[in-house]
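Student: Protein chains in written order, with our numbering: chain A, 1 to 152; chain B, 1 to 643; chain C, 1 to 175.
None of these hints come from the bench; they were simulated from the model. The reader is advised that the hints may include incorrect statements.
[Unchecked claim] No more than 25 Å apart at the CA atoms, straight line, and that leaves these computed lysine to any residue pairs for SDA-like:
{"hint": "1", "chain 1": "A", "residue 1": "Lys45", "chain 2": "B", "residue 2": "Val382"}
{"hint": "2", "chain 1": "B", "residue 1": "Lys381", "chain 2": "A", "residue 2": "Asp69"}
{"hint": "3", "chain 1": "A", "residue 1": "Lys45", "chain 2": "B", "residue 2": "Arg593"}
{"hint": "4", "chain 1": "A", "residue 1": "Lys61", "chain 2": "B", "residue 2": "Thr569"}
{"hint": "5", "chain 1": "A", "residue 1": "Lys61", "chain 2": "B", "residue 2": "Arg593"}
{"hint": "6", "chain 1": "B", "residue 1": "Lys381", "chain 2": "A", "residue 2": "Ala68"}
{"hint": "7", "chain 1": "A", "residue 1": "Lys61", "chain 2": "C", "residue 2": "Gly116"}
{"hint": "8", "chain 1": "A", "residue 1": "Lys51", "chain 2": "B", "residue 2": "Arg593"}
{"hint": "9", "chain 1": "B", "residue 1": "Lys381", "chain 2": "A", "residue 2": "Thr117"}
{"hint": "10", "chain 1": "A", "residue 1": "Lys51", "chain 2": "B", "residue 2": "Asp242"}
{"hint": "11", "chain 1": "A", "residue 1": "Lys51", "chain 2": "B", "residue 2": "Thr569"}
{"hint": "12", "chain 1": "A", "residue 1": "Lys61", "chain 2": "A", "residue 2": "Ala22"}
[Stated by the list, open to error] Distance ranges between label pairs, derived from CB positions:
{"hint": "13", "chain 1": "C", "residue 1": "Leu168", "chain 2": "A", "residue 2": "Gly112", "range": "20 to 30 Å"}
{"hint": "14", "chain 1": "B", "residue 1": "Ser67", "chain 2": "A", "residue 2": "Tyr35", "range": "42 to 52 Å"}
{"hint": "15", "chain 1": "A", "residue 1": "Leu18", "chain 2": "B", "residue 2": "Val505", "range": "50 to 60 Å"}
{"hint": "16", "chain 1": "C", "residue 1": "Lys65", "chain 2": "B", "residue 2": "Gly534", "range": "19 to 29 Å"}
{"hint": "17", "chain 1": "C", "residue 1": "Gly147", "chain 2": "A", "residue 2": "Glu98", "range": "43 to 53 Å"}
{"hint": "18", "chain 1": "A", "residue 1": "Ser63", "chain 2": "B", "residue 2": "Gly534", "range": "35 to 45 Å"}
{"hint": "19", "chain 1": "A", "residue 1": "Lys43", "chain 2": "B", "residue 2": "Gly421", "range": "19 to 29 Å"}
{"hint": "20", "chain 1": "B", "residue 1": "Trp469", "chain 2": "A", "residue 2": "Leu18", "range": "54 to 64 Å"}
{"hint": "21", "chain 1": "C", "residue 1": "Lys148", "chain 2": "A", "residue 2": "Thr113", "range": "37 to 47 Å"}
[Said to hold, decoys possible] So these bits of chain A aren't anywhere near chain B, every CB distance computed over 12 Å:
{"hint": "22", "residue": "Leu29"}
{"hint": "23", "residue": "Glu32"}
{"hint": "24", "residue": "Asp41"}
{"hint": "25", "residue": "Lys43"}
{"hint": "26", "residue": "Thr44"}
{"hint": "27", "residue": "Thr72"}
{"hint": "28", "residue": "Gly99"}
{"hint": "29", "residue": "Asn118"}
Ideal Cβ positions, reconstructed from N, Cα and C, are used throughout, including at glycine.
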Amino acid sequence: MKAKHQRLILALVALAALIGAALLAASALKDEAAYFYTPSDAKTKGVEPGKAIRLGGMVVKGSLHRAADGVTVRFDVTDNKATVPATFTGIAPDLFREGSGVVAEGAFDRSGTFVATNLLAKHDERYMPRELEGMTYNETTHEMGPEMGKEK
Amino acid sequence: MIAEAGLAALWLAAALALLQLALAWFGLVGGKDDLLSAMRPVAVAQGMLTAAAFLLLITLFVQSDMSVALVATNSHSMKPWLYKVAGTWGNHEGSMLLWVTVMGVAGAAVALFERALRRDTHMATLGAQAAISLGFYAFLLFASNPFARLDPAPPDGQGLNPLLQDPGLAFHPPTLYIGYVGLSVAFSFAVGALLTRRVDAAFAKAMRPWVLAAWIMLTLGITAGSYWAYYELGWGGWWFWDPVENASLMPWLAATALLHSATVLATRDALRAWTIMLAVVAFSMSMVGTFLVRSGILTSVHAFAVDPQRGTFILGLLALYIGGALALFGFRIGTVREGAQFELVSRETMLVVNNLLLTVILGLVLIGTLYPLMTEAFGHKVSVGPPYFDRIVGPITLVLVIAMAGGPLTRWRKDRAKAVGGRMLIPAIILLAAAIAVSALAWGRIGVLPFLGLIIAAAVAVGSVAPLWKRNLRRTPLFTWGMVIAHLGCAVSLAGMASDSAFTVEKLVAAKPGETISTAGWTLRFDRIVPVAGDNWTALQGDMTVWRGNGAPIAIHPQSRFFTNPPTTTTEAALLTRWNGQLYVVLGQEAERGRWQLRIWWKPFVTLIWLGGIMIALGGALALLGRERRGWMMKIRKRSALA
Amino acid sequence: MKRALIWLPLLLFLAFFGLFASGLLKPDNRIIASRLVGQPLPAFSLPAAASDRPALASAQFATGKPRLLNIFASWCIPCAAEAPQLMALKQAGVEIDAIAIRDARPDVDRFLARYGNPYTRIGLDARSAVQMALGSSGVPETFVIDGKGKIVHQHVGDIREDDVAGILKILRDAR
């Protein structure tokens, strides 16, 4: 084989590898990228069960219950327009509590309950999940979000 | 006084960098090679000044001088001594000072120890190093002064993020930074070679040890960081594909590719343009990573305090240096002659495959990391997590590891496919045997990727050692040993990763003190919960006893720690290491009725992941030592021949 | 073909650069403005945070006179930096109430003894609950409350010397 042909083959292989990698990335991103939903997004747009998403909102006061096994918690997530039930099995972060903001990673099951595999509960002075910008929760009135106070 | 001295040292170092750049300019334009001797002391003095500034900042932290804003915001007088020191680089300003220190000291080292490079290229390299340093001096002095005073001084500081108060993490960032910033030397070499149009084997030989040194530190830093995340975050995972982690992985991928292509250039004088490109990309990835972490445009679990203004500054530096280097590449690379040719079946081809795969992985990690940013430009909020990276990086890595075993078994320039196949026969048999063994052991219980990982690790482990076959081991050069050990380390690490994802047993329960729990051959007795107190924290500690089968009972003490300054909770997992795996116990929150959440993992052979990482770094160190020793030997021989 | 390939890396970098720049140029997401500006204060009642100042409740704001509500903490350094400005406002006759975030009474006492105490009442918000309800995302922050208990202005970050005049003007206008 001539050197020139060999270089051509090498170049073609390289090109094929790059195109293959790009296609792989595109398909994986389509399947695996977890979109951020608020409860009302999830209700209006609809999320197919099993699709990995992030659900962000506030934990409704009075909705947090621990199951009999001691490690599963059930709670409702709200953005004040819609509320969805959620469960999480595992050790919840310290800042996760009623009335706190939460970003839950996981998927909806067939009954419409959000099964979280990971909870990010972060509201401290230095950090705020950017998806929850501007959301606030009133502990006395259980209202939250941008609309807070408008109903009054 | 100390803070002012530190600031003065920084200003002086910046002035010397300017002088160094000017000397390089006049030397190159005027063709005066002898200016190099004038540049050497300037570069060395600059390195010493940055080191002095850094030591002064450490002194301020150790003394808990709260009149310095940085100390007040990141330290606390009650903190243990070690973490006062570590607090120096556990924040933005301190870590940027560490950045310029490494850059200055690396520049001094290039001035002092580099002897193989042509004088004009050497001058251009030092000039380039000074030019990069200048930008970061400006960033430090104008946008993140670590020595700024606070008036009035507060009574005490705010404390260091407790997650960072850990002996492992205390020395992880410096290691990583030496690697990260050490790559600036490769970048400067590439710019120097482009400026003087000297891209050849001699250039690659001169550059290689510097790349190797940076790469060793980067490998160690990533390994340490992974272990830190594993035991400190308490999630049982060892890699989270977090933007901060990706920021350290991407330069490593580029540096690994560069290391191999530089070997091709040094040995066979091929892949000239490509090697230059990789040298530029490697340090560019370090800078992009820093930008992503420091600007806060990506959110991360390693939440640093962010400041968009600083982000803008770093972005400007990125544009200047990366854009400048790539433009120089575009203008100059056409004048670099084509390198040597090689046949399709040859080690060169295998190394091209290696480079191609590493570059593809790098690109995919970069895309995955930046994808949230891209979609946000179109109004969608997206996060890309482990599922994407695992699915994409996993399979390509397996192919890469197979190619890694094949490379050293293929001859330079030209080989016969049949002969290579023959040499791969034994690893292929091992692959088959491992496939049968693993299937018999765990068919149906493990996923495809872990399965492939295990059998490929076994085959590649054998294949990595194959280059030593039929060789006189005493006469085998040290750098061949280095390559073998590093490749073996990859196989070992892969085995650990595959074993962890294939065989880990996890149990999550809520238990009362007095209860016993059994999992994976271990029995755990939950004795009681006791409060304990440390220097600057209090904790709830679970006293537990574990034993395996009929073995002796061992006491373990997982904790949930509360730090007061700043108020934070951390998880201290209890780890029990055995030759064949680790037991990992986490104490969670109190459930109702006096029960406590416990999470127990048995992770077979998980430690191989980090053992492999250390082997990779060790292999690199041997290769570095081997090449350098050969250089010394030749010099000594030359000298004795002259005498 | 080859010429194009040489410039490809630079083009790719420029694309990334554009992406980074657009990411940075987005509206500054560190300063999270409260949606409560123009709304009445949410209802709250907090225990006293300092030994010599009374507790704080939202009902105490509708006094007919505009007031400041300062969110601070003894562990917060910018809060110490803005202390002289708060004292200056106090000298100018402004009534200032405060909420101490995630704090403890001895620490607050020490902080006030050291930096001065311009406050009329101080409430203790041990777990940031009221801070969140106010839509405040950090310390220090200062709210201007008008005489009817409505939030008219939010100042994020420490009050610098040049901010004092602006705040006084807002207080006058809120009358």
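Student: Now look at each hint and say whether the structure bears it out.
Tutor: Status of each hint after checking the structure:
1. Lys45/A <-> Val382/B: 16 Å, holds
2. Lys381/B <-> Asp69/A: 35 Å, violated
3. Lys45/A <-> Arg593/B: Given that 25 Å is the threshold and the Cα spacing comes to 41 Å, the pair is violated.
4. Lys61/A <-> Thr569/B: At roughly 23 Å apart (the allowed maximum being 25 Å), Thr569/B and Lys61/A satisfy the hint.
5. Lys61/A <-> Arg593/B: Status holds; Cα separation ~22 Å.
6. Lys381/B <-> Ala68/A: 36 Å, violated
7. Lys61/A <-> Gly116/C: Not satisfied, since the Cα-Cα distance of roughly 38 Å exceeds 25 Å.
8. Lys51/A <-> Arg593/B: 36 Å, violated
9. Lys381/B <-> Thr117/A: Holds. Lys381/B to Thr117/A sits at ~19 Å (cutoff 25 Å).
10. Lys51/A <-> Asp242/B: 21 Å, holds
11. Lys51/A <-> Thr569/B: 32 Å, violated
12. Lys61/A <-> Ala22/A: 46 Å, violated
13. Leu168/C <-> Gly112/A: 20 to 30 Å: Cβ of Leu168/C to Cβ of Gly112/A: about 54 Å, so the range 20 to 30 Å is violated.
14. Ser67/B <-> Tyr35/A: 42 to 52 Å: 48 Å, holds
15. Leu18/A <-> Val505/B: 50 to 60 Å: 40 Å, violated
16. Lys65/C <-> Gly534/B: 19 to 29 Å: Violated, at about 49 Å.
17. Gly147/C <-> Glu98/A: 43 to 53 Å: Given about 34 Å between the Cβ atoms, the range is violated.
18. Ser63/A <-> Gly534/B: 35 to 45 Å: 36 Å, holds
19. Lys43/A <-> Gly421/B: 19 to 29 Å: 60 Å, violated
20. Trp469/B <-> Leu18/A: 54 to 64 Å: 35 Å, violated
21. Lys148/C <-> Thr113/A: 37 to 47 Å: Because 44 Å falls inside the window, the suggested range holds.
22. Leu29: 6 Å, violated
23. Glu32: 4 Å, violated
24. Asp41: 10 Å, violated
25. Lys43: Consistent with the label, Lys43/A stays out of reach of chain B, its closest Cβ about 17 Å off (over 12 Å).
26. Thr44: Fine: 15 Å to the nearest Cβ keeps Thr44/A off the interface.
27. Thr72: Non-interface label fails for Thr72/A: nearest chain B Cβ at 9 Å, not farther than 12 Å.
28. Gly99: Nearest chain B Cβ is 17 Å from Gly99/A, so the label holds.
29. Asn118: 9 Å, violated
Checked against the numbered hints listed earlier, the structure breaks hints 2, 3, 6, 7, 8, 11, 12, 13, 15, 16, 17, 19, 20, 22, 23, 24, 27, 29; every other hint is satisfied.
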